[in-house]
Amino acid sequence: MQQKHSMLRIFSIITSIGAYIMLIIGAIVSKTESGKGCGNSWPFCHGQLIPESLPLETIIEYSHRIVSSGVGLLILILTVWSWRAYRENYRVKLLGFLSLFFVVFQGALGALTVVFEGDFAKKTSLAFHFGFSLISFASVVLLSIQLFQLKKGTALENGQKLESFIGLSKRMHQSIWALAAYSYVVIYTGALVRHADATMGCGYQFPGCGAIMFPNISSIAGIHMLHRYAAFSIWILCLIFLIVVIRHHKNRTKLVKGAWWAFILISLQAVSGVVTILTDGVLVSALAHTTIISIFFTVLAYLCLQIGWKHQEPEKQ
1 MQQKHSMLRI FSIITSIGAY IMLIIGAIVS KTESGKGCGN SWPFCHGQLI PESLPLETII
61 EYSHRIVSSG VGLLILILTV WSWRAYRENY RVKLLGFLSL FFVVFQGALG ALTVVFEGDF
121 AKKTSLAFHF GFSLISFASV VLLSIQLFQL KKGTALENGQ KLESFIGLSK RMHQSIWALA
181 AYSYVVIYTG ALVRHADATM GCGYQFPGCG AIMFPNISSI AGIHMLHRYA AFSIWILCLI
241 FLIVVIRHHK NRTKLVKGAW WAFILISLQA VSGVVTILTD GVLVSALAHT TIISIFFTVL
301 AYLCLQIGWK HQEPEKQ
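Sequential numbering from 1 applies to the sequence shown in my numbering.
Just so you know, these hints were derived from the structure itself, not from any lab.
Note that the structure is a prediction, hence the values are computed from the model and not measured.
There may be inaccurate statements among the hints.
Unchecked claim - Pair ranges (Cβ atoms, derived):
(1) 24 x 83: 24 to 34 Å
(2) 216 x 6: 49 to 59 Å
(3) 250 x 182: 19 to 29 Å
(4) 216 x 32: 27 to 37 Å
What the hints assert, rightly or not - Below, a list of computed lysine-lysine pairs in the BS3-like style, where the Cα atoms sit at most 25 Å apart:
(5) 254 x 93
(6) 151 x 93
(7) 310 x 93
(8) 257 x 151
(9) 254 x 170
(10) 310 x 257
(11) 170 x 257
(12) 310 x 170
(13) 250 x 310
(14) 250 x 170
(15) 151 x 254
(16) 254 x 310
Where a beta carbon is used, it is the ideal one built from N, C-alpha and C, also for glycine.
Build out the structure end to end from the sequences listed, making use of the hints.
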């Protein structure tokens with residue numbers, strides 16, 4: 001039995017890597033504008049299992065579909081396997097469900113985006129496509145962490161919290177959830193920038209957009225600046241969160257580490273964003289941007305998992 005559980009944990013790592021690769025290839029598809037590399041046919045490419053013509057955009061788009069299908073299968077196996085291995089663990093069942101549901105949902109949305117033309121499909125739907133992929137990725141990683149915690153006997157059961165999170169005030173509990181939710185919204189503004197081809201909406205101008213600080217939101221420059229302001233606000237919120245945690249919760253080591261990781265990652269994300277602008281949106285910087293924000297969101301999701309959905313008042317002595 002222990003050997004089977006060890007294999008499950010190894011498989012969870014493989015699946016997490018696969019989920020990350022799926023995210024990265026999706027970013028490459030967007031960056032290289034290869035979304036129409038297979039025309040309007042789905043799941044095959046130009047209606048063929050093996051296309052007769054294989055230009056670069058077709059190879060990239062079809063590779064994304066193949067990888068996504070393979071990762072979807074891995075997530076399905078991981079979900080069923082973990083459910084069977086830990087039937088009574090609510091968190092294992094929840095994370096497995098989220099992993100599977102959102103990878104299927106983002107795949108379906110991607111298919112609709114390919115089949116149906118239109119400006120909405122290109123911008124809004126593709127932004128949601130990335131957001132749902134991100135939730136699936138974070139859920140797979142957190143499921144893997146949960147499985148390794150079960151090995152060490154430190155995993156949380158229903159209603160439990162890590163000692164570092166017991167007795168948190170209701171305000172801090174709500175703040176962590178609000179920070180994660182707002183970060184997710186900000187991530188969508190970044191995805192919209194990518195899919196609206198607004199990466200260089202302000203050219204090489206930074207931090208402003210030339211002489212205009214508030215361009216029309218319907219313009220490329222406006223979409224770009226919307227994301228800049230939103231990204232700056234999340235950096236400020238993470239800084240405030242870190243300061244509050246250090247000042248009032250310095251003995252809660254897990255919370256302090258989480259706050260530090262969140263601030264460091266969002267700072268690196270800001271740097272990668274500036275580099276992306278200065279390098280004219282070069283592919284490497286765009287992929288770094290995607291990687292860092294994915295880890296950042298996973299860290300916040302981990303904090304939310306530890307504190308639980310409902311706030312519990314500390315037990316009176």
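Hint-by-hint comparison with the structure:
The hinted range of 24 to 34 Å is satisfied by residue 24 and residue 83, whose Cβ atoms lie roughly 28 Å apart. The hint said 49 to 59 Å for the Cβ distance between residue 216 and residue 6, and at roughly 57 Å that hint holds. One distance hint, 19 to 29 Å for the beta-carbon pair residue 250 and residue 182, holds here, with the actual separation near 24 Å. Taking the beta carbon of each, residue 216 and residue 32 are about 28 Å apart, inside 27 to 37 Å as hinted.
The suggested pairing of residue 254 with residue 93 holds, with an alpha-carbon distance near 24 Å, which does not exceed 25 Å. With a C-alpha separation of about 17 Å, the suggested pair residue 151 and residue 93 falls inside the 25 Å cut-off, and the hint holds. The straight-line distance between the Cα atoms of residue 310 and residue 93 is roughly 18 Å, inside the 25 Å bound, and the hint therefore holds. Under the criterion of a C-alpha separation no larger than 25 Å, the hint pairing residue 257 with residue 151 is consistent with the structure, at around 22 Å.
Restraint check for residue 254 and residue 170: the C-alpha separation of about 18 Å stays at or below 25 Å, so the hint holds. Taking the CA atoms of residue 310 and residue 257, the gap is near 22 Å; set against the 25 Å cutoff, the hint holds. Restraint check for residue 170 and residue 257: satisfied, since their Cα atoms lie roughly 20 Å apart, inside the 25 Å limit. This hinted pair checks out: residue 310 and residue 170 have alpha carbons roughly 9 Å apart, not beyond 25 Å.
Between residue 250 and residue 310, the direct Cα distance comes to roughly 23 Å. Compliance with the 25 Å bound is thereby established for this hinted pair. With a C-alpha separation of about 17 Å, the suggested pair residue 250 and residue 170 falls inside the 25 Å cut-off, and the hint holds. A threshold of 25 Å between alpha carbons decides the hint, and for residue 151 with residue 254 the separation of about 19 Å falls inside it, so the pair holds. For the hint linking residue 254 to residue 310, the alpha-carbon distance of about 19 Å falls within 25 Å, and the restraint holds.
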